[in-house]
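Each chain is listed here by its residues.
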Amino acid sequence: MSAGGNAPVRGAGAAQLYGTGRSSGGSRAPANLGDILERVLDKGLVIAGDIQVNLLDIELLTIKLRLVIASLDTAREVGINWWETDPWLSADAIRRQGEGQPGDGMGELREEIRRLRGRVSELESGDESRRHHPS
Amino acid sequence: MSPAGIIRPEPGGYRDLPGGGRPAKTAVWAYAIAGSGAGDLAAGDLAAGDLAAGLRQLTGVGGAPVRVTSCSGLGMLVSDVSAAQFGEAALRRNLEDLDWLDQVARAHHHVIDAAARLFPLLPTRLATVYSSDDAVCAALAERRAALRGALRRVGGRVEWGVKAYAMPESEITAGGPGGAGGRGGTPAGGVGPGRISTAEARGGGLAYLRRRREQLAAGRESRAAAVGAARALHGALAGQAERARLHPPQAPQLSGVRLPMLLNAAYLLPADGAAEFAAAVAAHASAHPELRIELTGPWPPYSFAGDDDDGR
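Same order as they appear, the protein sequences are chains A and B. Take 1 as the starting number for the first sequence in the working numbering and just add one per residue. Take 1 as the starting number for the second sequence in the working numbering and just add one per residue.
So that you can see chain B by itself, here it is in the shape it has in the complex:
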């Protein structure tokens, strides 16, 4: 028996699935958990009609429409996926394929991001898959109280991401955009500010060594200053946010920035707190030329969805 309150996908929805036609076996892919707002969709009240219309335009992972399965006063945003592609064995294989992962991650994020504009939600981690709507209900029922608590604390807020990188010394001392051609101080090979031309090195071994030592010391000092500034930045922003979360710095391959990342953090803010927060970030950026600061968002509250406590 299927649980009450399920919005069925439109009859044509399956046509978008790879292979066409009616899939032999489907699984249910989860995007997010919502509270009564999404649950009301099933009750069919006035506002719910608008929300349902917004959701119906959303296409999920694998191309099927997004729908809401409600029970226990909670709703799970889901879409049907083919078990052949998203069943356990297939997932294990596919998650190793970065192109596949890229597509699926973007599709997953797109649904969560769009739905978060419609109602408060808790994003679920990628690859949360159920065999049926009944299984979704069982999972919601099991953690009902904790999920409702988390929705109250996190739902409706937005997350801002802040990353800080250590600025190369050549750019700090240049004193901003006007200084000596901006980024020209570092050789294209990226060896760093300590690089000495071979001619200079031949000119005097001792002088070279002395100069090299000074440069290394200066490098250590400026790195320490940058780390200190990153900590101060985090402290200040955390004080302004409802919650804060530190993440490990990203590798350059992931961030796309070759500078060392000193801070990778997420801050939970009310939806209308963006301007003030961005102003604080900008103020720190101008006070600390040793940092390059990157602000991203607003994101759905990914980094805070799993919070079980009231701390921080």
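One chain only, chain A, in its complex shape:
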């Protein structure tokens, strides 16, 4: 395996757009904060720190609700939820559990999704008046 010797030239996050109708050749856009947040908050290796907020249970949950998970309901509304049944769910759950069993991870994740859905509707009913003004 080749190591760092032939590391790629990076401009991480730069986006190439296709099919926009405006720029058929593809155009580059600057790194998007959403993409960075999605990766650093939700992907990446989970290894226990000894000073660590329990990210899965507490504060980050609110952030995820706002930024990532909140989109699940939108997706469901328009009937685009085919990815929900895809294997990323179980893989994600295994990762969250560290060395856990696939079966356990799935159950835990389902439970988490159930809780999140509850929180989303709570937040939505609370935020209704604010949210209804599209930015």
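If you are wondering where the hints come from, they were derived from the structure by calculation, not from laboratory data.
Restraint ranges, calculated between C-beta atoms of paired labels, are given here: (1) Arg117(A) - Gly256(B): 22 to 30 angstroms; (2) Gly118(A) - Ala236(B): 36 to 44 angstroms; (3) Asp99(B) - Ile113(A): 24 to 32 angstroms; (4) Arg148(B) - Ile113(A): 29 to 37 angstroms.
Not everything, but these chain B residues come out facing chain A in the computed CB check (under 8 angstroms): (5) Ala27; (6) Glu88; (7) Asp102; (8) Arg106; (9) His109; (10) Pro123; (11) Thr124; (12) Leu126; (13) Thr128; (14) Ser131; (15) Ser255; (16) Leu295; (17) Tyr302.
Just so you know, even glycine gets a beta-carbon here, dropped at the ideal spot from N, CA and C.
Please build the complex by placing chain B on the supplied structure of chain A, with the hints as guidance.
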């Protein structure tokens, strides 16, 4: 006793910390785990000197220099942070502050992105914090075998992100850039292609209803076609990648795009596989005008760092 192989921060490094001077209490913020490549830094061999120089220019979360703590044949990229700002209580508070989170997330990503150019690594999730280098070592030792396995599978590869959105119908039928002023088909209010002018609606209620029904049916059909195209796109790209991962679609507030997102996926590729992959994405884009496709990268392998298995 502190573990062997720690590169100490430069004496002046603490000056950059908020408040200046020597902090009363520090914690250790983790960015990534590297294999022997970074571990060799401590041994001081030739290449390691260059790597150490590259790392020394990196400034971490909170402004302190980035260093490597090595043990168990693994290295953890870390920087010292003030416990007052990044300790458990402070983190809970600060993570709720989106401006703070924005800064910290970018700083965290910047270190990982720059270091991934120097050696293979596994990015660690934001807010992995240790009380000391000894605690870092304990964590590395505990999962040594799994981490080395993950480094072999993922390290040195890059991740490409692909998002696909459903194109508004008005832009598909327009047949590309030349058609009827491009984006002009949708009213500025974003109500959608089904909007009928009030004058037209008054002209005949029945005609309006009939037309509306046809439009709704056409909308459903084109949405179904777009979803199908997104699945096909994912299948094709996954076949080309070493690994693939589907993520939930992002909300428009996050993506900055108002179109519905149908696919949000990450693909793990060798560092030199970019051109071929981008060509495949471009080919799909021209074959499927019903999709707007966005390609981002190369990213450090965030989405694959936690893979424990050899599957997919």
